[in-house]
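First to last, the sequence lines map onto chains Y and W. Numbering of the first sequence is given in our numbering, commencing with residue 1 and proceeding in unit increments. Numbering of the second sequence is given in our numbering, commencing with residue 1 and proceeding in unit increments.
The reader is advised that the hints may include incorrect statements.
Computed list of lysine to any residue pairs in SDA-like fashion (alpha-carbon distance at most 20 Å, straight line) [said to hold, decoys possible]:
hint, chain 1, residue 1, chain 2, residue 2
1, Y, Lys-54, Y, Asp-6
2, Y, Lys-160, W, Pro-60
3, W, Lys-229, W, Pro-60
4, Y, Lys-160, W, Ser-125
5, W, Lys-64, Y, Asp-58
6, W, Lys-57, Y, Asp-40
7, W, Lys-57, Y, Gln-49
8, W, Lys-24, Y, Thr-75
9, W, Lys-64, Y, Val-12
10, Y, Lys-160, W, Ala-20
11, W, Lys-64, Y, Lys-169
12, W, Lys-57, Y, Arg-42
13, W, Lys-221, Y, Arg-42
14, Y, Lys-70, W, Ala-41
15, Y, Lys-70, W, Lys-229
16, Y, Lys-169, W, Leu-7
17, W, Lys-57, Y, Asp-43
18, Y, Lys-160, W, Ala-41
19, W, Lys-57, Y, Val-12
20, W, Lys-229, Y, Asp-58
21, W, Lys-64, Y, Asp-40
22, W, Lys-64, Y, Lys-160
23, Y, Lys-54, W, Met-68
24, Y, Lys-54, W, Ser-125
25, Y, Lys-54, W, Ser-42
26, Y, Lys-160, W, Phe-6
27, Y, Lys-160, W, Pro-5
28, Y, Lys-160, W, Lys-24
29, Y, Lys-54, W, Val-117
30, W, Lys-64, Y, Leu-53
31, Y, Lys-169, W, Val-117
32, W, Lys-64, Y, Ala-175
If you are wondering where the hints come from, they were derived from the structure by calculation, not from laboratory data.
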Amino acid sequence: MVPDVDLLDRIVGRDREAFSLFYDRHAPVVLGLCSRILRDSRDAEEVLQEVFLKVWNDAARFDARRASVKTWLFTIARSRSLDRWRSRKSDEKRMTGEGDSFAEAAGEDPEPASLRKQYVERHLQSLSPKERELIFMAYYEGLTQEEIAARLEEPLGTIKSRVRAALQKLRSSFAGEAARA
Amino acid sequence: MPEHPFLDDVPAYALGTLDAADRKKLEEHLESCDACSRELASLEEVVARLPYTLPQKPVPPYLKQEVMRRISREAASSSRSPWRYGLLAAACAVLAAGLGLQWYGERTERDALQSEVRALREALSQKDKELAWLKDPRVQMALLKGLEAAPNAKARLLFHPEKEHALLYVDGLPPLPIEKSYELWVFVKDEPLPSGVFDARAGASVVQLGKLAGAPEKRVKFAVSIEPKGGVPKPTGSIVLLGESL
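All chains, please: the whole structure from these sequences, using the hints.
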């Protein structure tokens, strides 16, 4: 399999075949990520297109010394999705003249537990429910640690420790899988 | 002071959720701390695997077609106006340099900035096209009225009989299911020719009337129909807008 970095090099040279391979390899995961954040398939599909257009236009900006290709790609996808999500929330707020129209404004879980559960696969099962919730709030909702602490009414220090513990557990879980492979 | 005073912030940094003030402190520390930099790199790899814990969705084929079409269009546009893209690239570089965007955590801001520059570039390009049309006395207008499927809809089409691009302004068209698109048709010798799909939510859409040149009709007829996503070469769906040039 051609490494991602080599594909990006070829994309810089305007190689459409390399871009096509790159798209086929990553589009399903990117669409899953965008869909998870936006919870709207039309918006997710639009952001997916923006993400890959950005790859086409900005491949030369990728710096392998700073991050892996996946980190770079998912950072773009997540950032674009969260921007659109916040913009949509802001529009809804303006149109309704109310505060946050989503359940999280009242401190509720924005997503039913049953729905969330379907996203959780084996690695996330290594986390406690509270740790999973923190990862979801931070990564998929883009909340800062302070915002998470306020929402959960927990001390900031506790939140920081839990987030760190959660990522360390995930690291162990991923490493264990790699060792078994 | 502990050796790694910001270690608890590294996970939030990797997750891209550290606030600006804490991010700045951590970045300053990272410049001189290999241990924290290694921890960050390791946690970033963990974070990069999070999307794989989500269910992966089959990606509709029309999305790839649309992306490939758009990169082709950008490449063509770029080759037509290299000076403009050179200037824009330089502007991006100057902006990026001016803001001193460094280190991992500032990627989000850099992405946002680039996104803004791109949006402005697209808006500028669109406005340029609109203005160029408005200045040309040979530009014609067609008015399209909604039929039974969308009786309140209407559209104006500004087109030049010798050029490919045209501007379509629509109003009152209902949003479509994701697997459908609105497609514009131009009638040449009574035959409908595909002239591009467009987003009903956009204020103005640039559509292609490449085959209009040479049409013998003095009054050119246009229609809009509902078609499968991405458009089709021959109309298959119901017509929602119909009209002709003035």
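Verification of the hints:
Among the hinted pairs, Lys-54 (chain Y) with Asp-6 (chain Y) is consistent with the structure: their alpha-carbon atoms are about 17 Å apart, no more than 20 Å. For the suggested pair Lys-160 (chain Y) and Pro-60 (chain W), the alpha carbons sit about 39 Å apart, so the restraint of at most 20 Å is broken. With a C-alpha separation of about 10 Å, the suggested pairing of Lys-229 (chain W) with Pro-60 (chain W) holds against the 20 Å cut-off. For the suggested pair Lys-160 (chain Y) and Ser-125 (chain W), the alpha carbons sit about 45 Å apart, so the restraint of at most 20 Å is broken.
With a CA separation close to 18 Å, the supplied pair Lys-64 (chain W) and Asp-58 (chain Y) stays within the 20 Å bound. For a cut-off of 20 Å, the pair hint linking Lys-57 (chain W) to Asp-40 (chain Y) stands: about 13 Å separates their Cα positions. For the given pair, Lys-57 (chain W) sits about 15 Å from Gln-49 (chain Y) by alpha-carbon distance, which is consistent with the 20 Å threshold. With a C-alpha separation of about 19 Å, the suggested pairing of Lys-24 (chain W) with Thr-75 (chain Y) holds against the 20 Å cut-off.
For a cut-off of 20 Å, the pair hint linking Lys-64 (chain W) to Val-12 (chain Y) stands: about 19 Å separates their Cα positions. For the hint pairing Lys-160 (chain Y) with Ala-20 (chain W), the CA-to-CA distance comes to about 16 Å; that is within 20 Å, so the pair holds. For the proposed pair Lys-64 (chain W) and Lys-169 (chain Y), the alpha carbon gap of about 36 Å is over 20 Å, so the pair is violated. The straight-line distance between the Cα atoms of Lys-57 (chain W) and Arg-42 (chain Y) is roughly 13 Å, inside the 20 Å bound, and the hint therefore holds.
Of the pairs offered as hints, the one joining Lys-221 (chain W) and Arg-42 (chain Y) is violated, with about 32 Å between alpha carbons and a cut-off of 20 Å exceeded. A distance of roughly 13 Å separates the Cα atoms of Lys-70 (chain Y) and Ala-41 (chain W); the hinted pair therefore holds under the 20 Å criterion. For a cut-off of 20 Å, the pair hint linking Lys-70 (chain Y) to Lys-229 (chain W) is broken: about 29 Å separates their Cα positions. Between Lys-169 (chain Y) and Leu-7 (chain W) the CA atoms are separated by roughly 16 Å; this keeps the pair inside 20 Å, and the hint holds.
Proximity of Lys-57 (chain W) to Asp-43 (chain Y) is assessed by CA-CA distance (about 14 Å); at most 20 Å being required, the pair is judged to hold. Distance restraint check for Lys-160 (chain Y) and Ala-41 (chain W): the Cα-Cα separation of roughly 18 Å lies within the 20 Å cut-off, and the hinted pair is therefore satisfied. Under the criterion of a C-alpha separation no larger than 20 Å, the hint pairing Lys-57 (chain W) with Val-12 (chain Y) is inconsistent with the structure, at around 28 Å. Distance check on the hinted pair: Lys-229 (chain W) and Asp-58 (chain Y) sit about 27 Å apart at the alpha-carbon level, beyond 20 Å; violated.
Between the alpha carbons of Lys-64 (chain W) and Asp-40 (chain Y) the distance comes to roughly 19 Å, so the proposed pair stays at or under 20 Å and holds. Taking the CA atoms of Lys-64 (chain W) and Lys-160 (chain Y), the gap is near 40 Å; set against the 20 Å cutoff, the hint is violated. For the proposed pair Lys-54 (chain Y) and Met-68 (chain W), the alpha carbon gap of about 13 Å is at most 20 Å, so the pair holds. For the hint pairing Lys-54 (chain Y) with Ser-125 (chain W), the CA-to-CA distance comes to about 17 Å; that is within 20 Å, so the pair holds.
In summary, the hint linking Lys-54 (chain Y) to Ser-42 (chain W) is not supported, as the alpha carbons are separated by about 26 Å, beyond the 20 Å threshold. A C-alpha spacing of about 11 Å is found between Lys-160 (chain Y) and Phe-6 (chain W), which places the hinted pair at or below 20 Å, so the restraint holds. For the proposed pair Lys-160 (chain Y) and Pro-5 (chain W), the alpha carbon gap of about 13 Å is at most 20 Å, so the pair holds. A threshold of 20 Å between alpha carbons decides the hint, and for Lys-160 (chain Y) with Lys-24 (chain W) the separation of about 17 Å falls inside it, so the pair holds.
For the hint pairing Lys-54 (chain Y) with Val-117 (chain W), the CA-to-CA distance comes to about 12 Å; that is within 20 Å, so the pair holds. For the suggested pair Lys-64 (chain W) and Leu-53 (chain Y), the alpha carbons sit about 11 Å apart, so the restraint of at most 20 Å is met. Proposed proximity of Lys-169 (chain Y) and Val-117 (chain W) is contradicted: the alpha carbons are some 39 Å apart, above 20 Å. Between Lys-64 (chain W) and Ala-175 (chain Y) the alpha-carbon distance is near 34 Å, which puts this suggested pair outside the 20 Å criterion.
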